[in-house]
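Peer 1: With these hints in hand, go ahead and build the complete structure from the sequences.
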Amino acid sequence: MNDTICAISTTLGVGAISIVRVSGKEAIEKVNNITNIDLTKKKSHTISYAYIKDNNEIIDEVLISIMKAPKTFTTEDTVEINCHGGIATTEKVLELLLKQGIRLAETGEFTKRAFLNGRIDLTEAEAVNDLINTKTDKARKIVINNLKGTTSNKIRKLRERLVKIINNIEVNIDYPEYQDIEEMTVEKIKEEIGSIEEELESIITNSENSKIITNGINIAIIGRPNVGKSSILNKLIEEDKAIVTNIPGTTRDIVEASFNLNGITLNLIDTAGIRETEDIVEQIGVKKSKEALEKADLVLLILNNNEKLTKEDKELLEISKNKKRIIVVNKTDLEKKLDIKDENIVYTNTIEEKGIEELLDKISELYKLEQLETNDFYYVSTIEQLNKIKSTRNNIKDIKAGLKENISIDMLEIDLREIWQTLGEVIGETYTEELLDNLFKNFCVGK
Amino acid sequence: MKYDIIVVGGGHAGCEAALVSARLDNKTLLITGNIKNIADCPCNPSVGGSAKGIVVREIDALGGEMGINADKSLIQIKKLNTRKGPAVWSLRSQIDKVDYSQNMIETLNKENNLEIKETLVEHLIVENNTVKGVITREKEQIEAKAVILTTGTYLNSNILVGSTKKQEGPHGEETELNLSKDLKNLGFTIQRLKTGTPPRIKRDTIDFSKTKVEKGSDVHLQFSFYEKSPFDIEKQEDCYLIYTTPKTHKIIYDNLTKSAMYGGYVEGVGPRYCPSIEDKLVKFKDKERHQLFLEPESRHYDSIYIQGFSSSMPIDVQDKMVHSLPGLENCEIQKYAYAIEYDAIDPTQLKRSLETKVIENLFTAGQINGTSGYEEAACQGLMAAINANQKLKNKEPLVLGRDEAYIGVLIDDLVTKGTLDPYRLLTSRAEYRLLLRDDNADLRLTEHGREVGLVKDKQYKVFTDKKRKIEELLKKLEQTITPTKKTNEILEKSGIKPILDKISLHDLLKKPDVTVEKLDYFLNNKYEKEVREEVEIMIKYEGYIKKQIEDAEKQKEYEKIKLSEDIDYNNVPNLALEAREKLNKIKPTSIGQAMRISGVNPSDISILTIYLRSKHE
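Going line by line, the protein sequences match chains S and Z.
Quick note: the first sequence uses the numbering used here, first residue 65, plus one each step.
Quick note: the second sequence uses the numbering used here, first residue -9, plus one each step.
Treat the hints with caution; some may be incorrect.
Stated by the list, open to error - Using 20 Å as the maximum straight-line C-alpha spacing, the simulated DMTMM-like pairs for lysine to aspartate or glutamate come out as follows:
1. Lys468(S) to Asp497(Z)
2. Lys537(Z) to Glu482(S)
3. Lys277(Z) to Glu241(S)
To be verified - For each label pair, taking beta carbons as the anchor points, the in silico distance ranges come out as:
4. Pro134(S) to Lys171(Z): 41 to 49 Å
5. Glu429(S) to Lys492(Z): 49 to 57 Å
6. Lys552(Z) to Lys221(S): 34 to 42 Å
No wet-lab data here; the hints were simulated from the structure.
For clarity, every value in this text was computed on a predicted model and none was experimentally measured.
Ideal placement from N, C-alpha and C gives every residue a C-beta, glycine not left out.
Peer 2: Here is the structure:
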């Protein structure tokens, strides 16, 4: 059977409490060896106050949750130790557990066990990963939606519909002499495939949006020196009271500050110390802007209302033209000398604090943020799953082409079957090794 | 007396098995309860049908007899699903039951290495888990190196009509009681299955004016790829279509509990795919009428089979039921419908060679393996005997892939999934059916038949000629034609739209209205219909065929990951209980096969793969 594993499951360095999670047959017994109370006598799903001890030395004052199999995340006996003594003591607790012969969990291993033990299906497993990486309420809501298996259910229903068509076609083939069995006609397939396509497309759109929701939008502010980049950045942050700084995760190094807009995280990408002083900013040239551009989903290009387009402005316009971009014409309090046309222009004036609302509205409009419905939001969260669903577009295209060319229905069924198979792979009901391998490689839960 | 191979049972499986065995130079004994009933068709007078017709072609390609024997005994033949794609075309024939049986007996009698004996086998002689021979009813011990059981429905059978139950096989023949007990004692799991057959009525008492005539094909069709069928399609007989009436339904509903099935007299599980008329009514309450076909059984006697009307009602109710049908109001019933239940083994106790896992050198084929249908039985008989021969000659068994033959699909399904009701082959069971076509069965399988020694020179020459011509034609089609005035004139004359750009004949052939025949001018040769048809399908459906080949290749990667027979799945950590039990029982030979076991989930497969990897390391 599975050996017992442990790991610190909270992010290191943040927060007053860290949790050490232990899962496996020996979880209760081994944790019991390092406490002052008898955990083996505790009921399942209870929390007890205890000390963690190294021989006679008290390491930390903790709360211990006991959860017995099978009603746990991994379906195995699980113990969670809430440590209060900061990172050093938490690591000491972990060390004690390792000394007890418990193995350090691999990346994603708790979730892998939950999946392998049939506790969650693939989309749910992915969702757990998402949940850990979410930053805003909206993101949490849709991830939880997914975690409840609603996307899997949606896909399962689509598969059931496909099976119905497939079965009907097959009955027609296997019992051709029975003229009284309903014939699956080209019209019926057309209708069904149209509706299935719609549903799949909506999952694709949602999944693409869900990236925005879980990861936020990375924004780069670029512009010549002295056009007011730092003022605009400061105003944007001030607009939102809940400033999030120092976000953990992959974007940490480049994010200067983040704030919420309609429940979506907007990450302002650091354009090399933009906030420090205007003097330093003066040294930032096109090269730095280019670097920021690469990391950005959205570019705010700041121009000065009071000056004609300079050579440098033109250069910046050129390098950002293929990006999603808003041109911010600043300093509208001064005389208008700038002449520029673009579909996404906002006029601001940071002295009189004008135009910042409009800028936020523009961002919202560009990403249709207000329309992101989170209640009926079905999505898949890995690129593999998304690509699989996207690959059904080819089948649907082939079916539609086939329908046009009067290809016989039993041929169309080959593509219908393939869609069914592919959707099965997305929710883990058909086996393919790559999907599983990639899934667990990309996991960062539990550690 | 010592034989190489003994075949027990003279039905469709037994005949194929005996012929293969004898033709591969094994001293063969065929034991049957009644020689007159060899190759008997106790149910419908028909060979072929959707998927089954393709199996007959596969049997023929491998060097089996069913196709040729059906061709010799035709009453009517047609191609099914011609309005659909070529992947699902399939031949269906009405055969003359008397001719079919007699022709087969004649063929058997011609074989030098084959003896036929009329008796029942009561016991197997088994030493060290290896079969050594059989013991007959007369207590005669007959030794053999291998035994093939093809007992059909004659294993511990009961015939049921209403509440009456008789311990006998079809035609009132004696049933064999001891053999199934023997099998059970040897370690086989015995399951009880049920099937049934409709009433037969006297032809000249039917009013055919109330029926719809169903004609056969108007072009020559035949099963065999190489043996010319003597059948004259001008001499086909008709079948007739009628429907059940509200009166029929009322009679059945009123008497439902009197039927053997609904009265609780049957223990066996009946075929889902071939329900009795009672079942049809109960399961499809909303359906106002059911289709029935009237099929002639033989030119030698005056008997009509009512397809779709199988029943286990008492005979007085059957009288009323039959007489409520249009055209049959005054008909004379010659033989009443009955249900029959019989013993079968659990086919997951078989290897893919159809040798049993329980007893070495013992093979089984046909209904004893839980299948239903003449074609299903015949192809298993063929494969069992091929593999018994391979075994005796220390050669690798012939195992056909799921992408290679319907026969491969059938056997893999049986040994991997088992069956709870009589198994019927369906096109939907084949995931690569575009590869498993009627037209290319010879291209798929003749080489296999040749390799095991069944395909003789005559058949092989027909095959290689066809193959050569196909290659030649494909090569010729690579040529490009240009839109000159002359070319377009020729095209238009053949009914093809003029071309605007340079195009290869291959690509031109992809267009719906273009056929090889219409391109004759450019090909400098006339090709036979089989060759043209083959090439047209290959080219017109190129994209779809390629897709299925790719899918099959992908699956083959899983088939390549072998699972040793010695794995004790109890020692594989984390497998779900159900998977553990199933895997231990079925002992799949590859991950691919394991994936197809119901109850073995993707997570079990991933655990198994991880386990295999860790064992390698």
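Peer 1: The structure should be examined with respect to each hint, and the outcome stated for every one.
Peer 2: Hints, one by one, checked against the model:
1. Lys468(S) to Asp497(Z): It holds: about 19 Å lies between the C-alpha atoms, which stays within 20 Å.
2. Lys537(Z) to Glu482(S): It holds: about 10 Å lies between the C-alpha atoms, which stays within 20 Å.
3. Lys277(Z) to Glu241(S): Between Lys277(Z) and Glu241(S) the Cα gap is close to 17 Å, so the pair holds against 20 Å.
4. Pro134(S) to Lys171(Z): 41 to 49 Å: Holds, since Pro134(S) and Lys171(Z) (Cβ atoms, about 44 Å apart) stay within the stated range.
5. Glu429(S) to Lys492(Z): 49 to 57 Å: 52 Å, holds
6. Lys552(Z) to Lys221(S): 34 to 42 Å: 38 Å, holds
The structure agrees with every numbered hint stated previously.
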